[in-house]
Every structure is written in C-alpha cells, then in structure tokens.
Amino acid sequence: MSKQAQLMEMLKKDLRSLLIAAKGGLSPARLEHEYLAMIGKPLPLRDLGFRSTLELVADMPEVVRVCPYKGTFILKAIADESTKGIAELVAKQKSSRSRKSWAARARVASPSLTPQLGRACRQPTTAVAAAPAARMTPLELYSEAESFHLTAEVKSEPVETEAVGDGLQQPQDLEQSFPGKLILTADMPPDAVQDRSLCKLPPLERGCLVAVFVSLIISPSQFYIQLCTRDTSGKLQEMMHEMRLLYSHKTVSDRYVLPESSVHPGQLCCVMVLGWWYRAIIHRVINHQEVEVFCTDYGNLKTVQKSDLRLLKWCYLKLPAQAIPCSLAGVQPTQGTWSSAAALQFKELCGSNILVGLVDEYVKGVLHLFLCDTSTKEDVYIHQVLSNRGHAAICKENVPSQGFQELNPLALYVQPSKQKEFLQEE
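For the sequence shown, the numbering used here gives the first residue as 1, with consecutive numbering after it.
The hints are simulated quantities; they were obtained by calculation from the structure and are not laboratory data.
It cannot be assumed that every hint is accurate.
Listed below are the simulated PhoX-like cross-link pairs for lysine-lysine, each with C-alpha atoms no more than 20 Å apart in a straight line [what the hints assert, rightly or not]:
(1) LYS76 <-> LYS12
(2) LYS41 <-> LYS3
(3) LYS41 <-> LYS13
Let the hints inform the model, and build the full structure from the sequences given.
Next comes the structure, spelled out in structure tokens:
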C-alpha cells in the first residue's frame, strides 16, 4: 500500500471517530477545527490531492454522509462494525428515559453478576462526547519507567502563535480574542492565581456507567481516568488550546513567569511540555533548576525545569481537576502486591480505547470501578481477564489501594468539588 493510501485509510478512521462523537454532525469548517485540535495538524488536503474538505469527504462515501442544512452542509458519520458500539452510545445521549433504565440495570452487587454489566455497558449513563480522547493532545508526558501512557502517533511541533495577516498576533490582538483574560501590568498580573486550589470533579453515584479514558497506569489498584463527557474532556481540550495560544506568545509567557518566591510544594501553576501547557501543582523542589510537578488533569508526576513554570490565570481555575484516582474493583493481587506482569497485562487490556466503567464505591477517596472494553465484537471485562490469567484474585470487598495510601496528590492539594457550580455552568 502506498504512503498516500495509508494516509487516506488513517484519515478515514480519524474523521469517522470525530463525526461519531458529534451527535448532530459537524460543518466542514468545524470538522477542520476538530481535526486540528485532535491531531495538531490541518487536514492533509494537498497531500491527498484535494482542494477542499467537501471534495475530500465526497471521496469517502462509506465514511461520511453529506447532508444539506440551511443553505450549507452538515457532515455525519457512517458507522462501521468497529465503531457501531460508540455510535449507539452517542445516539442515546441526553435521553433521560434510557439513562434511568440503564442505570437501574447497572447496579451490580458483585463480580459474579458480570453478565449484567455486559448488557448495560452498551448504554452508559454518562454519554460519550470526545470519542477520540486517546489522541486529544499529541504528547509524551509519561516518560517515567513505572508509568504508562498512550503513545502519541503525532509528534508535536514548536508553536509560537497563530498568524494574523503577515505577522504574529500582538498583545492587543490577543486581548480582542480573549477579552478580560489578558492583563499586562508592571507588577504581578492581577489575574494570576497565587493562593488558590483547584476543585475535584463531583463524586459519581454508585452503580452508574461512565465512558472513561485511562490516562495513566501504575498498577490495577493505582491508575487515573478522565471522564469522556461534554462537560469534562471537551472543556479540557478547549482550555488547553487556549492556554497554548496565550502562553506561547512571548510577551505573555515572560509576564507570567512563576516568581522564585512561589516555587514551593502545593503551588498551583502551569507547565510547558513539548509546546503544550498543562495545569500542574508543585509537589517537591528537587534543586535550584528542577521541580517535580503533579499534572492535575492526567495524574502523572513529572520532573520539569523551573524555567518552564508559569503563573496560572484565573480563567483556568474554573474547570475541576480532570484526573480521577482509581482502583480496579472486584480484584486483588494474588500475592500481596501486583506483579510487573499483572501491571503490563492491565495496560494492554486498557489499550488506547475508550472504556465503559461501572462505579462500585469510593474507598478512602479512591474510586473503585469495573472496566469493560466494548470496542471488540465480544465485551472484555478487565477484572475477569486478570483473574482468568492468574494475575488477580476475585474478592467480594474492595481492598484499599496501597499505592494511593502512600501518595495521593489529589487528596493533598485539591479541594472537594463545588458540584452545584460545575453542574450549572451551562
């Protein structure tokens, strides 16, 4: 297969994923924006010999349906066997009747009732909104040997700022784009966060089903997830792209340098990694040049240069921390601690898919949930596979996570959720 044919096949998968995630479809311009946000590069129209997005999608009738709409066009996905399950989840979105019905079926009392989870997994009570969440940011954040992350297929390129006309955006242009958010003064910016903390996401109800993306794995009893909903992953993506634009502008970047007096454990800030900016909390100061930070939206600890730290703007304080500390429900290690083979098997089972999680309970602030992979023809219940392969033992009561008992940065630095404010944002 030629490189052009390979690129076309990969593009079809990406566009199908983006359009399936959009329940009402996307305009051609919006599809271009979503693709750029997910991949980090524009649609490869020229590489494939097309002059426009409409011309491109017209050449893939098995993937995209072009629908006339108010004098323009809306693009909708044509699901295939591999994406039919996700399409069904999105189709059920915001249906109160189906939510109530499937939530009732999801109340599984013990691992022995796994078949009930299988039937319910097709209809999670929290609808999927950023199906392609696994590639939301093209970074290699989790380089530590003991950590795991989804390998990015796209390499990040250095970013300056978006071009306007023949030159880069100037501060006044940024102020017009983000009114009230760019404040440059002679002293420390008045919109910089100095002594505030992020809030956690609201707790999930026992028995509810959620679409999740596993962002970091250390073991089956110590991993982090992100919820895949419009109010979580969608807003995180928007925020990160806005942060990338603002902080990559040299004037802004220089103005928001984190002062030495603020470099201490517990300080909320943002950090640059390969051209992207992440919300982070300083966990410890290593030496005069380096600190270890906790990335609040992904769950990883990372060593960074002090020079890569910036003050966080107030507007980026509103979204709750997206990383949720989790432990796999219904299982425990066969010999006291998880073996490296068990951790590796768990990572392989989670893969790069969006999984369906069944909430069991919270134990000492850690969410215990069952995970099911519905992307294949047969549902894969991860706790059951670990048990069948001798990596785990089924248990009736959830065992507290030893790893999170030793260190849970969210418990140390992040406040309880402001549930009403978050739910009423829209």
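Inset, instruction - May I ask which of the numbered hints given earlier this structure violates, with the numbers listed in increasing order? - result: Going through the list in order, the structure violates no hint and respects every one.
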